Amino acid sequence: MRRAFLIVLAFLVCSFEFFPRAAFAHDTPFSYLDLRVKSGEISGTVEGMTVDFAHDLPNVDAPMLLS
Numbered sequence: 003m004r005r006a007f008l009i010v011l012a013f014l015v016c017s018f019e020f021f022p023r024a025a026f027a028h029d030t031p032f033s034y035l036d037l038r039v040k041s042g043e044i045s046g047t048v049e050g051m052t053v054d055f056a057h058d059l060p061n062v063d064a065p066m067l068l069s
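Take the sequence shown: its letters are residues 3 to 69, numbered as in my numbering.
Because the hints were derived from the structure by calculation, they are not lab data. Only a predicted model underlies this, so the values are computations on that prediction, with no experimental measurement involved. Hints may be right or wrong, so weigh each one.
Pair by pair, the computed Cβ-Cβ distance ranges are [to be verified]:
#1 D54 / V10: 23 to 29 Å
#2 F20 / S45: 48 to 54 Å
#3 L68 / L35: 47 to 53 Å
#4 V53 / V15: 30 to 36 Å
#5 P65 / R38: 45 to 51 Å
#6 L11 / H57: 34 to 40 Å
#7 M66 / I9: 53 to 59 Å
#8 P22 / V53: 23 to 29 Å
#9 P22 / V62: 34 to 40 Å
#10 R23 / M51: 18 to 24 Å
#11 A6 / G50: 34 to 40 Å
#12 E19 / T47: 24 to 30 Å
#13 L59 / I9: 50 to 56 Å
Glycine residues also receive a C-beta, built at the ideal position from the N, C-alpha and C atoms.
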């Protein structure tokens with residue numbers, strides 16, 4: 003019984019190792035805030051995925067953020 007379990011386990015490990023699958027992710031998997039401080043002036047830019055912002059903002063769809 004134990005030997006059969008080890009054979010099945012070895013087969014599963016080898017199948018994951020020899021048949022890799024592609025990983026899918028966001029184009030830009032992060033959001034960031036860029037702040038610029040000059041004499042008496044602060045400006046900033048928020049950069050991120052529209053899907054992430056639409057997820058956090060109520061009643062906003064991702065395509066609406068592109069316009």
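Results for each hint:
no., hint, verdict
1, D54 / V10: 23 to 29 Å, "41 Å, violated"
2, F20 / S45: 48 to 54 Å, "52 Å, holds"
3, L68 / L35: 47 to 53 Å, "20 Å, violated"
4, V53 / V15: 30 to 36 Å, "35 Å, holds"
5, P65 / R38: 45 to 51 Å, "29 Å, violated"
6, L11 / H57: 34 to 40 Å, "39 Å, holds"
7, M66 / I9: 53 to 59 Å, "55 Å, holds"
8, P22 / V53: 23 to 29 Å, "26 Å, holds"
9, P22 / V62: 34 to 40 Å, "37 Å, holds"
10, R23 / M51: 18 to 24 Å, "23 Å, holds"
11, A6 / G50: 34 to 40 Å, "50 Å, violated"
12, E19 / T47: 24 to 30 Å, "43 Å, violated"
13, L59 / I9: 50 to 56 Å, "52 Å, holds"
Checked against the numbered hints above, the structure violates hints 1, 3, 5, 11, 12; every other hint is satisfied.
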